[in-house]
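Peer 1: In case you want the letters, here they are:
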Amino acid sequence: MTAGLAVLALAALLTILGTRLPGLAAPADGALQRLVTGSLAGMVLFHLLATLLDLTGLGWSVLKLGAGLLILLAVFVRFGPKTPEGEKRLLPSDLGWGDEMALLAVVVFGLVALTLWVTTPDFVFHWGLKGNRYFLARGVDYTYLARSWGWAIHPDYPHLLPELYAASALAVGRFDPQALMLWSAFFFVLLLAAAREILRTAEPFVRQAGIALLAVVLAAFAIRHQMAGAADWMPALALIAAIPALSRPPDAEGDLQIGVAAAFAAASKVEGVMLAGLLGLAQLARRPAEGSWLGLKRLLRLGLLPALVVLPWWLQVRRYHLFTVLSSGGLSWERAKIVGPAVVKAINVPGWHGFAWVILLLPLLALRRGTRPLAFVLAGQLSFYLWIYLVATFDAEYYVAMSFPRLLFHLVPAMMVGLVGVLCQLRLRPHLEWAR
Amino acid sequence: MRKLILGFALAWGVFALLRETGEALVEVDAREQDQAAVPFWRLGTPQVRRLDRCLELVRQRVPPGHVVVFASPEDARPGDQHEFFRWRWAAYLLPHHDVAPLKGPDTGRLAEYLITYHRDIENPRLEPMSEATEVPDCRLYAVKRGPS
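Those protein sequence lines, which keep their order, are chains V and X. Under the numbering used here, think of the first position of the first sequence as 1, with each following residue one higher. Under the numbering used here, think of the first position of the second sequence as 1001, with each following residue one higher.
These are computed hints drawn from the structure, not numbers from a lab. Misleading hints may appear alongside valid ones.
To give a feel for the contact side, a few chain X residues facing chain V, derived at Cβ under 10 Å [to be verified]:
hint, residue
1, R1019
2, V1067
3, W1087
4, R1088
With a straight-line cut-off of 25 Å between C-alpha atoms, the simulated SDA-like cross-links for lysine to any residue are [claimed, not checked]:
hint, chain 1, residue 1, chain 2, residue 2
5, V, K297, V, A285
6, V, K297, V, P249
7, X, K1103, V, Y398
8, X, K1103, V, F125
9, X, K1103, V, H321
10, X, K1103, V, W149
11, V, K345, X, L1018
12, X, K1144, X, G1104
Backbone N, C-alpha and C define an ideal beta-carbon position, used for all residues, glycine too.
Sequences and hints are given; from them, build the entire structure.
Peer 2: If you want it as structure tokens, here you go:
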């Protein structure tokens, strides 16, 4: 119980911190969008603080982490812009049956997750193990990661999720796997909040059915495919949180929101580093309405946080020789003949109940201007996964079967929301024209 | 038409969630009878508890921070990966220790203790730290320094 409360308190503190990050909230952002980007920003700032303590050799403690976060919050409150009266709403006022269904889906997933029955095997094999080790070591345990047998725990993966686990454990002085499952439920809530924000201009039935549909599909997959405790919620969340900024003409706040989403993705998983690059490219390729295209300020808003996440990670991985070698060969037709059917089989796994086929409708997103950047990011990320399968020299069929259903989880939520947006010709912002 | 498509998809999604939740709850209820093979072990199942009982010897008798080699039965068929996953579970259940695989490249050099699970190992460097009858199919040894 106490451990669960610690998770919720930490999540709340990081959200409050992130929402005060100056320049993050756009005037047109709804309350949910501010909540989502704020949470992501808070988690990124927490990761940077934990990394700073690591690099300076100071062990993590509740006092150090807490003081660091509170100092940051005080700085933001003192020097950041004041929140205008109109932006103080916490929740949208048009809640309906779809929102209630979505909430119910989260509760169902959360309760099943608390049994630990649907905990991802990867929680045992690396995410949870790392979290526990970092908790015991009071920092990222590079000695442990660098052991000759450390390859089994993906030592080269970014550390945000184990850091969140370790900090939650530090708060109560013990590692409680059950309580840590609440992080997945938290990511699920944020993911739905981001989707709800995107659908807010849709007609009521589409909005309610859309959010309910996304919630039940993800909950069903998460239960069947054991997604509790997994890091795969995080790239999915980063991508969907970036949609509003990707869908409107570039502006200063949008650049920072993309920067935050990219940094969050990069801090979560190795695949997230690729996603971060694609998000940055998709935003950078578009000329902003105001200000310079490649001006220093714009580059900083877009690239500073991702760079602060990626550089220390890359340096530490190099320093401790943690990169696990991906055994790769060239592209071959013989391998493609195995990968193709395996991919079809993975899309068709029972857990997705057919909904992962939505990925085939990706070209539809390219038809409308508002969703073209999203189409670019989705296509890039999907191509990246397929390319890895095509060049890796492992047992291709096994490799695809073990990972692709889960990797689709990164893409399907954004794809579903984007598709509803296109089909229903949503206007995401007053100045965004999905229908063009 | 749009409403019809969305409505149908939603109905299908609700059915999917009900089905998955129902199946998961039935499995949770039957957790005590779980017989899954090693790669499919889950937290709280009898297989994991049996392994955990064996590893309790390490928690009781080996100070934190030491390298403990974990040995369990070799795979009956290549590619089974049962031995590998048992080792990973042992590592998860012993976070205070560095749990090394039996066949690691520098295991012989770094090994300080050895825990065997359903496997007999004879080596003159091994000094028993538990009785054979203490925990069934489970022995803890100290590894004496010397040529590997």
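Peer 1: Each of the hints needs a verdict: does it hold here or not?
Peer 2: These are the hints, each one checked on the structure:
{"no.": "1", "hint": "R1019", "result": "holds, 8 Å"}
{"no.": "2", "hint": "V1067", "result": "holds, 9 Å"}
{"no.": "3", "hint": "W1087", "result": "holds, 8 Å"}
{"no.": "4", "hint": "R1088", "result": "holds, 5 Å"}
{"no.": "5", "hint": "V/K297 with V/A285", "result": "holds, 16 Å"}
{"no.": "6", "hint": "V/K297 with V/P249", "result": "holds, 17 Å"}
{"no.": "7", "hint": "X/K1103 with V/Y398", "result": "holds, 24 Å"}
{"no.": "8", "hint": "X/K1103 with V/F125", "result": "holds, 18 Å"}
{"no.": "9", "hint": "X/K1103 with V/H321", "result": "holds, 21 Å"}
{"no.": "10", "hint": "X/K1103 with V/W149", "result": "holds, 10 Å"}
{"no.": "11", "hint": "V/K345 with X/L1018", "result": "holds, 23 Å"}
{"no.": "12", "hint": "X/K1144 with X/G1104", "result": "holds, 18 Å"}
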